[in-house]
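*Asks:* Residue numbers (this note's numbering), protein chains in the order written: chain Y, 46 to 213; chain Z, 46 to 213; chain E, 46 to 213; chain P, 46 to 213; chain C, 46 to 213; chain W, 46 to 213; chain S, 46 to 213; chain D, 46 to 213.
Treat the hints as calculated values from the structure; they're not laboratory data. Some hints here could point you the wrong way.
Distance windows between CB atoms, simulated [claimed, not checked]:
| hint | chain 1 | residue 1 | chain 2 | residue 2 | range |
| --- | --- | --- | --- | --- | --- |
| 1 | D | S60 | E | K73 | 58 to 66 Å |
| 2 | Z | Q200 | S | K192 | 52 to 60 Å |
| 3 | Z | R103 | D | E48 | 30 to 38 Å |
Here are a few chain D residues that face chain Z, going by a calculated C-beta distance under 7 Å [claimed, not checked]:
| hint | residue |
| --- | --- |
| 4 | T82 |
| 5 | Q95 |
| 6 | I105 |
| 7 | M152 |
| 8 | A162 |
| 9 | A166 |
| 10 | N170 |
| 11 | F174 |
| 12 | K199 |
| 13 | Q200 |
No farther apart than 30 Å at their CA atoms in a straight line, the calculated lysine-lysine pairs in the DSS-like style are these [as the list claims (entries may be wrong)]:
| hint | chain 1 | residue 1 | chain 2 | residue 2 |
| --- | --- | --- | --- | --- |
| 14 | Y | K207 | Y | K185 |
| 15 | Y | K73 | D | K206 |
| 16 | E | K185 | Z | K49 |
| 17 | D | K206 | W | K206 |
| 18 | S | K70 | C | K102 |
| 19 | W | K209 | W | K73 |
| 20 | Z | K204 | S | K199 |
| 21 | D | K49 | D | K206 |
Note that beta-carbon positions come from the ideal geometry of N, C-alpha and C, so glycine has one too.
Protein chains: 8
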Amino acid sequence: MAEKALVGILMGSDSDLPVMEEAAKVLKNFNIPFEMTISSAHRTPHRTAQFARNAEKRGIRVIIAGAGSAAHLAGFIAAETTLPVIGVPIDASPLNGLDALLSTVQMPGGVPVASMAIGKAGAKNAGIFAVQILSTADEKLHEELKKYRKEMAKQVEEKAKKLKAQIG
Amino acid sequence: MAEKALVGILMGSDSDLPVMEEAAKVLKNFNIPFEMTISSAHRTPHRTAQFARNAEKRGIRVIIAGAGSAAHLAGFIAAETTLPVIGVPIDASPLNGLDALLSTVQMPGGVPVASMAIGKAGAKNAGIFAVQILSTADEKLHEELKKYRKEMAKQVEEKAKKLKAQIG
Amino acid sequence: MAEKALVGILMGSDSDLPVMEEAAKVLKNFNIPFEMTISSAHRTPHRTAQFARNAEKRGIRVIIAGAGSAAHLAGFIAAETTLPVIGVPIDASPLNGLDALLSTVQMPGGVPVASMAIGKAGAKNAGIFAVQILSTADEKLHEELKKYRKEMAKQVEEKAKKLKAQIG
Amino acid sequence: MAEKALVGILMGSDSDLPVMEEAAKVLKNFNIPFEMTISSAHRTPHRTAQFARNAEKRGIRVIIAGAGSAAHLAGFIAAETTLPVIGVPIDASPLNGLDALLSTVQMPGGVPVASMAIGKAGAKNAGIFAVQILSTADEKLHEELKKYRKEMAKQVEEKAKKLKAQIG
Amino acid sequence: MAEKALVGILMGSDSDLPVMEEAAKVLKNFNIPFEMTISSAHRTPHRTAQFARNAEKRGIRVIIAGAGSAAHLAGFIAAETTLPVIGVPIDASPLNGLDALLSTVQMPGGVPVASMAIGKAGAKNAGIFAVQILSTADEKLHEELKKYRKEMAKQVEEKAKKLKAQIG
Amino acid sequence: MAEKALVGILMGSDSDLPVMEEAAKVLKNFNIPFEMTISSAHRTPHRTAQFARNAEKRGIRVIIAGAGSAAHLAGFIAAETTLPVIGVPIDASPLNGLDALLSTVQMPGGVPVASMAIGKAGAKNAGIFAVQILSTADEKLHEELKKYRKEMAKQVEEKAKKLKAQIG
Amino acid sequence: MAEKALVGILMGSDSDLPVMEEAAKVLKNFNIPFEMTISSAHRTPHRTAQFARNAEKRGIRVIIAGAGSAAHLAGFIAAETTLPVIGVPIDASPLNGLDALLSTVQMPGGVPVASMAIGKAGAKNAGIFAVQILSTADEKLHEELKKYRKEMAKQVEEKAKKLKAQIG
Amino acid sequence: MAEKALVGILMGSDSDLPVMEEAAKVLKNFNIPFEMTISSAHRTPHRTAQFARNAEKRGIRVIIAGAGSAAHLAGFIAAETTLPVIGVPIDASPLNGLDALLSTVQMPGGVPVASMAIGKAGAKNAGIFAVQILSTADEKLHEELKKYRKEMAKQVEEKAKKLKAQIG
């Protein structure tokens, strides 16, 4: 990560790491420089606000924020920057992530958060969506996205073949 | 409100006023000096953080915060002060306040918000709970609370009498 | 709309127009050329797929899709393009938009949709988020976004003043 | 499966196989020729649309589609064919299949999907319902269905006897 | 309705008529002879069981059953016949039809009900799905279904044109 | 069980036995003769209807019915008898028993089911409630109920003492 | 109501009267002497406890309790008496009665409440269920219940006839 | 615990101890004398009412009450005292604590309960919130709270450092 990070990944707690790594994997796959850190909207609001306010100056172009329970992290950051913020609701309470989903997606008019699905699928998609945003101004990246899609489709087809072989 | 406010009432939008006035009515009834203002966690985060950080110095002892949708307001304030924060979830989206309730109550360990019920009942109870907090160190106020309770009980009894008269 | 549209707004039914106009208003406000049309994932899948497949060639850089009930529209489009797709769940069934929200946001890993809140707040935020995406490669637009935010904050402050004057 | 398939079973991912096999077991039991494959509404939309569009020509009379999360598969297929489509919501996300259920069942007016219960019970019933559809024009098959029901009733009665023996 | 009915429409209460008429309209449109009556699983179980048991003999090939609250009607009928039963959950209690949906769709393995969406959209789709079932053995009817689909698509396109004219 | 049963316990499937045994234990404890059998509303409707219709003649005075998923069993029985029917929703599907609860409790006006809590707590309470019903005409039994309550209270007090001893 | 009441109807607030009157109507219809009053678990706990503790001595045999929001009333009474308690959850908050339903029905093992459906249907059924309890020791009353059921069935049949006449 | 307890911790069952200990740990950490006992709203209502009524006289200033299912405990206590009552909903039924949350938080106007999050996070926060209430009249305690917050922030920062070291 010698290059300046274009995407910042934030999570509210170190227990969110196994989920948020899915976003990191996608960015690595596309060779997008990124940074990843822990900062809580509630336990370290100043650190989080600093991160959000300085992100643009540091060259960050998209922020991904994952949190559980009353997941305010993505909205908190969105209030402090005009960079696009992608939210990942994490299933970290007895309510199966419904609390995190509603806290992330139901933002009032004026300050958007782009919510992904709950958990690992959402974190992976947050990574892909960040690439999609960056690719709106980077044709080469956009071509790579298209290859990624084709590769994904191929995998489904191969699984279909395997199933066919299996059931005869 | 010549006296220095002991309770600060915040709401995320002016459309929350009809709900949050229920809290104000209770405080007036108990002669608790209070202040009431509008500040959004997402649209005016700095103003809101300032309010929260300065509250203690200004003599505020309890904060009541009401918001709808992804209701981060109470949690946002709780992150910036160690004063007790009471949250009122407001029914302001198609989800009937379930989003506001979960965003208010499901705070992660470390930064509590005392959540009340959704809507007017919750705002009224936020006012009463603020009085209860203040009365832990104010015996006279505690006596008034007890009278308030008795008065409330009397009203139920009168309604019961009226019903009895009605149904014979 | 003489200029080539940069944003495409789709909705599943003409009854979604009062909601989706909120997105259009934001884009007009930022002078972003856009197109807006009706196409259903279920009733006109070919038309919708055509729209999605040709969008990039026609110069579209972001797509906003709003639908109710089992809201597949945003996901359907996301499957046919690598442009970023923003989904707006619409409250159009007895379930208050919970069905549309889950159908929009719970996308499986690989094909992201950026979900906004249910209804008008979500449509407005979809417009703003589209501007945020475009602004990642357009500094002037980014400056306008910052002004928009300040204006929004000012409005909250003015409402706060008005409330203060009112309650004395 | 030398005979031409009358029922097509689709699933969005190979991880859905343990659930969807319940449908296959029922069809085998009734000697209904069927085919079973993997195709995703989002990762392989073209493959899925091809499957749906060609199904009728290939002799398919009923389609069963199972998917999890924002389960668009059954609706996607229903939009591409006028054959009856039976949807099986699969419990594949932290929301316990509620997302898949609402995405499958809440279809807008005009393009029906016949939703079954979440998970294995639903997949089994999808198989039975396909047989019921086919039996509307096949008296012999209808008689077999009646036997199947009687067999099922007998099993319950035997369990009741066993319980009686057990508790004396 | 001189011809022998092929589809039986049942509803639990006369208050369900405005919803269930949507199914009747579709059947009329396709010239499918049908009968429509009121019978409750709980208030007239014998009448309902009689209806279900005699349906096949009377020439009925598909049954549509709509009910609200703890909507047992479709399942009750499905237990008494091997004809395909389509269930329409009706929004008739404070829970917005969620109770009727779960009572209709979550059938245990062995006795399927094909659930449609809650309310009018579901009733309309029940009518269409009944036609789809009948058309699996009636090519002419299948052709009419395809025309119906095209007509539906045309209506969407016309609304799109109208919108385009409107927004210039 | 030489004596004629006063309470009939029904369950939809043998997999419900571990839950429904809680009701049986209570009845044994109070020496109430009961019978317990398996009968499904959907797989053995005739057997179930027979059970319900003959119950009164056989001397049954209260019926307890437990089922999962779209739990129609209690309502089905209530439609066939005027004896009091107690319903126990069982957590047997991915929806955690919410489906069984709503299917059991949301009965339409005219045919009541007395719903207990989901699962073992509900089954235990179904047993106790059956005793309470019988005790309205059996003073001795009523006295035993009061002892049972006192015993229960004593157990709580003993646990409290133990905790006190433990934490010093 | 010169006769000694056999059923006591309680409600938490006078605003619950339009719902709870449905229970009263049924009792009047069956000539069951009853009393009806207002008493809150939270605002008048002593009055409520007195009511519950004295009910048996006063000749009450069944208690019906209706409340909204965090509806503790039925459980509160059930804790103070061994008479059967029937709970009616009332739709009195933005959550459509889901809060009242769960607060009423999810009683822990040991102290049962017999929950009815939310709102008027539930109140009506509470009245009928009280009659069913009383009829377990009153054959004449049981006969009247059977007539009531037949009357109810007749009404459904008449509505069915009317519908038939209407649609020809 | 030689000193007179300032905080009373109650739980409905000994199975709630692992959750409620989180509140006790916080109070120990702040050297707040407390007492902890088991008392059920339903199984030992008299004992619970006694506890609540005598709390103030015994010097208790804040009460914390944790319960699961239809969690009436906090509301029951709040009805018997004017001391501030903090409720902890416990995940003790198949509904994942949603029942306990709604039963705790949705208190009607007049008798507030300050609800925390479901489970251990909520119990920990109940302890902190009790300290916050006490600190409104105890400056030294308030200073300790601020240190606690700083310590908490430091821990997040250290975890962030560790993550940075790890990912390089």
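*Asks:* Now tell me if each hint is right for this structure.
*Replies:* So, going through the hints one by one against the coordinates:
1. D:S60 <-> E:K73: 58 to 66 Å: 59 Å, holds
2. Z:Q200 <-> S:K192: 52 to 60 Å: Cβ of Q200 of chain Z to Cβ of K192 of chain S: about 43 Å, so the range 52 to 60 Å is violated.
3. Z:R103 <-> D:E48: 30 to 38 Å: Given about 33 Å between the Cβ atoms, the range holds.
4. T82: Since the shortest Cβ distance to chain Z is 21 Å, the answer is violated.
5. Q95: 18 Å, violated
6. I105: At 10 Å from the nearest chain Z Cβ, I105 of chain D fails the 7 Å test, so the hint is violated.
7. M152: Hint on M152 of chain D: holds, closest Cβ of chain Z at ~6 Å, below 7 Å.
8. A162: Constraint on A162 of chain D satisfied, holds at 5 Å.
9. A166: Check passed: Cβ of A166 of chain D comes within 4 Å of chain Z, closer than 7 Å.
10. N170: 4 Å, holds
11. F174: 4 Å, holds
12. K199: 12 Å, violated
13. Q200: 9 Å, violated
14. Y:K207 <-> Y:K185: Not OK: K207 of chain Y and K185 of chain Y at ~33 Å, beyond 30 Å, violated.
15. Y:K73 <-> D:K206: 21 Å, holds
16. E:K185 <-> Z:K49: 46 Å, violated
17. D:K206 <-> W:K206: Distance of about 46 Å is beyond 30 Å: violated.
18. S:K70 <-> C:K102: Since the Cα atoms of K70 of chain S and K102 of chain C sit roughly 43 Å apart, the hinted pair is violated (cutoff 30 Å).
19. W:K209 <-> W:K73: Distance ~34 Å between K209 of chain W and K73 of chain W Cα, so the pair is violated.
20. Z:K204 <-> S:K199: Violated - the C-alpha atoms of K199 of chain S and K204 of chain Z are around 40 Å apart, more than 30 Å.
21. D:K49 <-> D:K206: Cα-Cα ~43 Å, so violated.
In the structure shown, a violation is registered for the earlier hints numbered 2, 4, 5, 6, 12, 13, 14, 16, 17, 18, 19, 20, 21, in ascending order.
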